[in-house]
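Undergrad: Here are the chains, one letter per residue:
Number of protein chains: 4
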Amino acid sequence: MDDSALLSLARQIKKEKYARKMGLKLLEVDPGHAVVELQLKDDMTNIFGMVHGGAIFSLIDEAFEISCNAHGTVAVALSMSITYHRAPDAKARLRAESKEIHRSTKTATYEIKVTDEDNALIASCSALAYRKQDKLPFL
Amino acid sequence: MDDSALLSLARQIKKEKYARKMGLKLLEVDPGHAVVELQLKDDMTNIFGMVHGGAIFSLIDEAFEISCNAHGTVAVALSMSITYHRAPDAKARLRAESKEIHRSTKTATYEIKVTDEDNALIASCSALAYRKQDKLPFL
Amino acid sequence: MDDSALLSLARQIKKEKYARKMGLKLLEVDPGHAVVELQLKDDMTNIFGMVHGGAIFSLIDEAFEISCNAHGTVAVALSMSITYHRAPDAKARLRAESKEIHRSTKTATYEIKVTDEDNALIASCSALAYRKQDKLPFL
Amino acid sequence: MDDSALLSLARQIKKEKYARKMGLKLLEVDPGHAVVELQLKDDMTNIFGMVHGGAIFSLIDEAFEISCNAHGTVAVALSMSITYHRAPDAKARLRAESKEIHRSTKTATYEIKVTDEDNALIASCSALAYRKQDKLPFL
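Respectively, the protein sequence lines represent chains W, Y, C and Z.
The number in the working numbering is simply the position in the first sequence, starting from 1, with 770 added.
The number in the working numbering is simply the position in the second sequence, starting from 1, with 770 added.
The number in the working numbering is simply the position in the third sequence, starting from 1, with 770 added.
The number in the working numbering is simply the position in the fourth sequence, starting from 1, with 770 added.
With the rest of the complex left out, here is chain W (with noise of 0.2 Å):
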């Protein structure tokens, strides 16, 4: 994918509706790469005032997502295994980079971590995307 073309990625992923319920912002894009940061809130709080899962998995989801689709050609999730190292603070401002690590005609893997302010390890993830040949719609 050209420069003009992550443009028009980054333009659609701006106007994505999750993320701007969740306020994801993205950092950096590159084909197979991807880095989102997410500000936590007090509306991202579970039973115990602790930040929700769902709130750290959507920032996971999103970098995935930019990072396996910047290749210009529509990818779509298979499977994903989060593992949680340690809660963040409540009002952390969280970053995740999605990294390719493999990739083939069909299927393509990712490792996704995510940190905070001080670089603590809060979560990492191993994803799996399925590749389509349509390119991306919005293009």
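Rather than coming from a laboratory, the hints here were simulated on the basis of the structure.
Small disclaimer: the values here were computed from a predicted structure and weren't measured.
One or more hints might be untrue.
Pairs involving identical chains hold if they fit within one copy or between any two copies, as the list cannot separate such chains.
Said to hold, decoys possible - Lysine-lysine pairs mimicking DSBU-like chemistry, simulated, CA-CA at most 35 Å apart:
id : residue 1 : residue 2
1  : K902      : K791
2  : K861      : K905
3  : K876      : K861
Got chain W sorted already, so can you dock chains Y, C and Z onto it with the hints?
TA: Here is chains Y, C and Z on its own, set in the frame of chain W:
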């Protein structure tokens, strides 16, 4: 956990901020078991106008969280593995059921299944919780 | 797959070299379903004299492989997530049952459970297969 | 763990019965880190004449087991998620490297990668261990 404690847990879940943000609704809770519902909304869509994986996972995580805390002691997520089977309709009402398949003093394992109104399987998840000794703080 | 094809598959499994090396024994096979048995032996122990995780996984993988190939077309493993619940007795006879919970043209998902003679749950696994179009070569 | 303890661990691994059965060879060991080698043999093939998933997993599990026990206290596997990227040559010499990405008092997480002689990525795995307080019994 007796009925009055389960009621306290259900009340706490009703006040959960993330559940309110997402519209997650508890339908059933028993020790090691929970059913949660999510009415998909337009603000949960991704760059393709499909449901964002983060929304589906949030539903799963809510059912998991409730089922493993319904023994009356604090349980926290260690790892979760999700497989996506088919994309739900963007306006579907989804249901996640979490069932405990094993429990020891320290850990417990759950299988969570997400289905739509037609009982089609949308996603499935295996989740591992670490069980602390502490009683739920809000009981 | 009809009965005669299932029989051909069962014969092929009986000749499988890894199954012979490990002593894996097919008990049941149907499209999307298989039960395999493993008599644990002294040569399967780890540095603690307990059963090696690799032996338990080999049993799981055999049941998975058979269940997803029992539709008559070639299926290969994409990803597997295993959770260990309790250590089996070092001389236990274990049984793995693989059940298909979803199948589409391209992929299929299985839940595999390992139990001992007392029906105690030893390990559980969620497994995702990629389904090729090719018929099984030995049919 | 100091050098003499690591040596004791390495000696214990050399005597491990499952490692002998499979031909697993320890190449490197440090606290939280291990490299193990497996020369694939004809008796490790499945019904298609390809390498059995159980053999690849056994290699992964050996590297994981060693890396998490190399802190000097007993660690046991809780959950593992493996993704298969490509089938190795049936006569390849595979290498698994396990790296610790997080460690707390109670749990630790490892990323394990399997490569062949050409450094092609065969499989990758994320693994979670439970850390007991007990010292390794054979030290």
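Undergrad: State for each hint whether it applies.
TA: Consistency of the hints with the structure:
| no. | hint | verdict |
| --- | --- | --- |
| 1 | K902 to K791 | both (28 Å within a copy, 33 Å between copies) |
| 2 | K861 to K905 | between (38 Å within a copy, 25 Å between copies) |
| 3 | K876 to K861 | between (39 Å within a copy, 25 Å between copies) |
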